[in-house]
Amino acid sequence: MNELLLDSPGEKMLMLGNEAIVRGAIEAGAAVATCYPGTPSSEIGDTFFKIQKESGIYFEYAINEMVALEVAAAAAIAGVRAMCSMKHVGVNVAADFLMSLAYEGVKGGFVLVSADDPSMFSSQNEQDNRMYGKFSGLPVLEPSSIAEAKEMARYAFDLSEMLKEPVILRTTTRINHSTGVISLGPIAGKNSQGSFPKEPLRNTLIPSVSTKLHKLLLANWEKAAGESDQSPYNFVSGEGKLGIITSGVSFNYVSDALQDLALTSRVSVLRIGFSHPLPDRLIKDFIAKCEKILVVEELEPYLEEGVKVKAQEIGSVIPIKGKGDGLFSRAYEFSPSMVRKVIASYFGVTCPTKEAVNIDIPNIPQRPPNLCAGCPHRATYAAMRQACGDEPIYTNDIGCYTLGVLPPLSMSDLSVCMGASIGMGSGMGTATGRKVVSFIGDSTFFHAGIPGLINALHNGHNQTVVIMDNGTTSMTGFQPDPGTAMENMGFNNLSVSIEALVNGIGVKHVTVVKPFKFKKTVEQIKEAIAFPGLSVIISREICPMYEKTFKKQEKRSYFVDHSKCKNHRVCLNTLACPAFYLEGEQVEIDEASCIGCTLCVQVCPENAIRLKKIGE
Amino acid sequence: MDMIRIVIVAVGGQGNLLASHLLGEAALAHEVPVQISEIHGMAQRGGVVESSILLGKAQSNIISPGEADILVGFEPLETLRAIGKCNKDSIVLSNTAPLPPFTVAIGMGVYPPVEETMNLIGAQVRKNIAFDASSLARQAGTLLSLNMVMLGALAGTGLIPISADMLKQTISEKTKKAFLEMNIKAFDLGYAVSAGAVH
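Chains as they are written, first to last, in the numbering used here: chain A, 1 to 616; chain B, 1001 to 1199.
Okay, chain A solo, but in the shape it has when bound (with noise of 0.2 Å):
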């Protein structure tokens, strides 16, 4: 059995943040999970993936968010408890669909889960998700610590049947990419049977009926707010008359430095989990204890300015603090040390620091990401390059190829968000008068990049549009998308073809490449360049590393036979791939790393690239 499954409350077990979270939802008896991948999100999704067939708890990798939110949500709306996960700019996709189930709102307990990014280890923002807590009126959880993502997952059930409405439980990457010790509780029984009595006229949103909700919505807020004032996970610690407001993995950095500064009897610290609606009483309470309040939180001043609102409620003129001021930074995550300076510093007192070592070295190589050793992608740009140089505008999409921006392959112009290459190619074309590429891959193609491509055939926009179908979600961890050939993980479901997809929209010129066919797909590059209007080219060929996961690969590498070599180094200058190195002045071949994939012999002049015997 997956040890996620053990119904021996109190054991003791070590989990990833994500983990910990699937088992909150376990204890709670949820039957239904949703996702589209994204880290720091990512392994909720695995996990309830793992262990859905053991646990008969039904779940399903969604098409984007927006679908994975319509999915779960209609469940609970069935009375049944159901989960969706998502990163934060997921959430955004999912926010339509999103803002108006709140109205609609929930009977079976419905958990929103959106993992924030702060200094965007792997995002291209670090939008700070409280703010659809404000922004929709739904309540928000923010968990502190790994015990209490599991703690706070099975609170959320209960506390949004009670409201009737979705809670959003909102986590940072140093919750999602933490392991630490929870306590295991029991698991309730799960009801997976859900019913609808028909009541149209309650629930379909139209005006008549939305005007009704929204004051329901408004009189579900309050209760909230009731809830949050008698929240255990909003308490206060400590004591004395200076006052820190604090929340999620701030509170630890808060808790730590106070021990440090030995400011623990001189400092009351409110830490909220609770943080929407914010605990109106509470916080009241606090201000009126305090001499001076610092608000500590990472990314957006949102406890900060709901605080000085609650000050001004009630006449309060002391200091609060919080962002800006040389204080905190509106940018970037916190650090322990940070934050103990800066409270040493508003709060008077001298920080013990321990001097980091400072070593200056002069340009000290760096370690870029780079596409894999054998990655399809590469041979696709590679192509693309010879065929047209730089000569297109290059628009591309999120995901493994958006590493395809560095040079030698310099394939990305631009790129802003999930399945966007394709619509600002069209924008770009028309105002440039330019020919466009956009590269986007097979999930994010079914992610939001077909609705793009229907525009610009409908537009009539000139532009070729390269879907880079390596039948797996690689960035996020080989997730499955509707393309993706199940019967290799197990399943049965039906794969849906993007060819007959973009024929069946109408698009006239489809081509189908296989990359490492380097010459032939340069001339059906050529071919679907010069066509005038939008062409497609689906360029295909599966993901090695996906590959490894399910099917024994046969072990073969290159070498460069120097007897031919001319020292030219198409290969490496062209290629970049991490399977070269340079010997002295010669390029060699890494055995270890090469996987066979043969785009550097094609495109070697001198053919003196030689597959390595065995034995050799």
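Think of the hints as simulated: they come from the structure by calculation, not from any bench.
Check each hint, because a few of them may be wrong.
Below, in silico cross-link-like pairs of lysine-lysine (DSBU-like), each with a Cα-Cα straight-line distance of 35 Å or less [to be verified]:
1. A:198 with A:107
2. A:341 with A:435
3. B:1176 with A:341
4. B:1177 with A:555
5. B:1176 with A:612
6. A:613 with B:1057
7. A:548 with B:1185
8. A:552 with B:1174
Heads up, incomplete: computed chain A residues facing chain B, CB under 8 Å, no partners named [claimed, not checked]:
9. 255
10. 336
11. 361
12. 364
13. 501
Even glycine gets a Cβ: it sits at the ideal position worked out from N, Cα and C.
Position chain B against the provided structure of chain A, taking the given hints into account.
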């Protein structure tokens, strides 16, 4: 017990996360409070993987600049890059076998000479235990057991509140049986390097 803050840095694929996880499991079994956090960057393969392991009662799960008690570097250049996590009292365990980044492999950067790098680090911290952990791993049977060598070396310092036996028991429970003998051999080879090296 005193807090022990350990930073492990490695190149993706070197087994950093498994080593961190095993340390965490051993801590749990030993009732040592433990927190781990990891950052993989944008791509796991070929990029840098950094993990922080905190043993003891801190609530924070990341390690600020200057606050690592121990830095375990699976690769010399990455050890150097992470040296700002250390202070003059830190202990560093460095693998001396380089894994040049691709920028160096294609001549777009120069890999700093390893011996100089190790001396540079050694001069700034309490002790830099530098050794060719990759060849010890090969000696144990496979380069893949590099993480076990480094884990053994960490245990050998005697600085962590978890015994070598306890760690080995965790390894035997939580890693693949087929590799167990190799893993334990690698662990012992690493242990021997640092045993008695820190006073």
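Structure-based check of all given hints:
| no. | hint | verdict |
| --- | --- | --- |
| 1 | A:198 with A:107 | holds (14 Å) |
| 2 | A:341 with A:435 | violated (53 Å) |
| 3 | B:1176 with A:341 | violated (45 Å) |
| 4 | B:1177 with A:555 | holds (24 Å) |
| 5 | B:1176 with A:612 | holds (31 Å) |
| 6 | A:613 with B:1057 | violated (56 Å) |
| 7 | A:548 with B:1185 | holds (28 Å) |
| 8 | A:552 with B:1174 | holds (24 Å) |
| 9 | 255 | holds (5 Å) |
| 10 | 336 | holds (4 Å) |
| 11 | 361 | holds (7 Å) |
| 12 | 364 | holds (6 Å) |
| 13 | 501 | violated (29 Å) |
Checked against the numbered hints above, the structure breaks hints 2, 3, 6, 13 and satisfies the rest.
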